[in-house]
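Asks: Everything in the sequence shown is counted per this note's numbering, starting at 1 for the first residue and increasing by one.
These are calculated hints, taken from the structure and not from any lab test.
From a predicted model like this one, the values you see are computed outputs, not experimental measurements.
Among the clues, some could well be false.
As the list claims (entries may be wrong) - Computed beta-carbon distance windows for the label pairs: (1) Ala585 to Lys338: 20 to 30 Å; (2) Asn74 to Gln166: 19 to 29 Å; (3) Asn74 to Ile292: 39 to 49 Å; (4) Lys19 to Lys257: 24 to 34 Å.
We put the beta carbon where it would ideally sit given N, CA and C, even for glycine.
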Amino acid sequence: MKSYKLKPFHQKGTINYHKDLNPQQLKVVQEAEGPSLVLAGAGSGKTRVLIYRLAYLLEKGVSPKNILLATFTNKAANEMISRSEILLKSSLSNLWAGTFHHIGNVILRKEAKQIGYSPNFTIADKEDAKDLLDDCIEELGLYKKEKMFPKKDIIYRIYGLSCNSQKGIDEIIAQFYSHIQDYSPIIKKILSHYKKKKQSANVMDFSDLLTKWLELLLNPEICQKYSQTFKYILVDEYQDTNKLQFEILKRLSSYHKNILVVGDDAQSIYSFRAADINNILDFPKVFEGTKIFKLQTNYRSTPPVLNFANNIIKHNINQFPKELKAIKEGGRLPVLVKTADVYQQAKFIGQHVLELVNEGSSLNNLAVLFRSRFQSFELEMELLKRNIPYVIRGGLRFFEQAHIKDILSYLKIVINPADELSFKRAICLQKGIGRSYAHKIWNAFKKEKIIKNIADALPKRQRQGCKDFFALYDSLKQAKRPHTALTAILKNYKDYCHLSFDNPDERILELEELTKMSQSYPTLRQFLLDFSSFEEFKGETLLSATQKEDMLVLSTIHQAKGLEWENVFIIGCSDYDFPHPKSLASKEALEEERRLFYVATTRSKSGLYVTYPQLKHTFSARGGSAFGGNSGIIITRPSMFIYELPKDIYEEIMVEEGF
1 MKSYKLKPFH QKGTINYHKD LNPQQLKVVQ EAEGPSLVLA GAGSGKTRVL IYRLAYLLEK
61 GVSPKNILLA TFTNKAANEM ISRSEILLKS SLSNLWAGTF HHIGNVILRK EAKQIGYSPN
121 FTIADKEDAK DLLDDCIEEL GLYKKEKMFP KKDIIYRIYG LSCNSQKGID EIIAQFYSHI
181 QDYSPIIKKI LSHYKKKKQS ANVMDFSDLL TKWLELLLNP EICQKYSQTF KYILVDEYQD
241 TNKLQFEILK RLSSYHKNIL VVGDDAQSIY SFRAADINNI LDFPKVFEGT KIFKLQTNYR
301 STPPVLNFAN NIIKHNINQF PKELKAIKEG GRLPVLVKTA DVYQQAKFIG QHVLELVNEG
361 SSLNNLAVLF RSRFQSFELE MELLKRNIPY VIRGGLRFFE QAHIKDILSY LKIVINPADE
421 LSFKRAICLQ KGIGRSYAHK IWNAFKKEKI IKNIADALPK RQRQGCKDFF ALYDSLKQAK
481 RPHTALTAIL KNYKDYCHLS FDNPDERILE LEELTKMSQS YPTLRQFLLD FSSFEEFKGE
541 TLLSATQKED MLVLSTIHQA KGLEWENVFI IGCSDYDFPH PKSLASKEAL EEERRLFYVA
601 TTRSKSGLYV TYPQLKHTFS ARGGSAFGGN SGIIITRPSM FIYELPKDIY EEIMVEEGF
């Protein structure tokens, strides 16, 4: 039988690069041979550069199977491939593209036997992996030996941070979880057992998709095979890569050395996820002969907003200096808003949001950003009162979060002792008591009200937890005001919080905020009545049935990165709130906080409002807040980041109460 051989077909000269790109972008697309670092400022079109660079390589005859495009989401990879296919009018099915985990999975399937796995290994998702950790804890008998033990969620996160940062377990616990350092030897024992169970079951978790990939690349033959395959490597959001990803990229690019990374050191804000800013700062040192390109033309924001942002970030020492310049013209100065306290801050935003809507803005083109989640509490209450629908980006409403519901469950059973759901939720927060024992205790509580008899009937481990619960319950029944009750609950809840959540300090701050707010309520009943109405109220009556998707966005700054809105409010920009108090201990942490403020301001296309309350209500329970400090009311000043700015680049207003 005769054969007919197909030749590669490449359309040449179909894209007008000079027309479609600005001079800075064009330079990258045409000249980024060898190690190349593209410093892409906010709103400067970095995705466009990656797409056109990919198209340029393909037009030059580079095969898709010799190009690796690494992104942080599969959605980003699919978007780039789709747009490139439209540009080229051809399929890119052979392109190596996707997240690091996706590409690692593909390679590991091919080479699994080299590391003692079968190619048909299964991938345990986050919940499956945590359940497997739970099995390890059970098999080692730790639930019986320990009255209180770190939850599987925390152990899973410790393991992930260790893998991604390439640091030891002890170092990770000391850095992020110092309150559970006593458990370090046991956690290491659990993780050792966890790794053996995965291997014997032919299972990998998400961290394995990278650690095992790196393990493969430590084999010289395999490393040579893949580094020769990938003639060109393109990496998006390089400032967010961790040490593990860096080590993988270094080996993959070792043969051809054509690695192009695109990122912005000024937007490196994820160190708590093990992202390492040194990956981008040290790129020219690690990759000899690096070409550095800068994209400094901004297509998003007005000149006054960019001037504000440029003046923020210039105070950082460890950076590649950039000066963003706007394509847009005109625009109004950013506004620094001085309010009496957090309640007046909330009123200002509620009123001004409605004014902007009346002027023609849509709610979904407005956003309120904050450094820490607890800062949104008073605002959420104000928005609900004003019937302004809102959505929390990447999370639950304040009232729907687990730790808030935990605390309120105690108050609910004081008001209504017949509330079985709240009773079981509250007693499960005690040492040694799970759902099955909670059910038994509840049934006993319904039949006889003699607490001693109920506790004495339990095994030793559950007995103390039951006694502690009823002791707290009795004290809460004597509390006349919600502030007194919440203070007592929080004192008992802190240990549980530290052992159950990976961000205990933030959650404790939120609970302290709730406790402070409760001071204005004379009775538990009135406090819970208001809360119940907040839980039920959806704030939809402002909208018609066809407009329900139009909602004000509330978001932490971390969750807002990569997004943009016409008008942006940044709230709580006071000393000891922003920058975060813990960042004051190190220069590196403080510079990341400044980058965080820079990221927040560059989300705005036009209107920018930075608010700060002048009075701060501090937690008044014995022992102070999660970060220590005095109690009562203190006078605050604007964030140190505001004091660093020239006064002529913003307008300042003071909010006053109208009568």
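Asks: All hints, please: hold or fail.
Replies: For each hint, the structure was consulted:
Between Ala585 and Lys338 the beta carbons are some 28 Å apart, a value that agrees with the proposed interval 20 to 30 Å. A C-beta distance of roughly 25 Å is found between Asn74 and Gln166, which places it inside the suggested range of 19 to 29 Å. Between Asn74 and Ile292 the beta carbons are some 29 Å apart, a value that contradicts the proposed interval 39 to 49 Å. As the Cβ distance of Lys19 to Lys257 is approximately 31 Å, the hint placing it in 24 to 34 Å holds.
Hint check: a violation occurs at hint 3 only; the rest are consistent with the structure.
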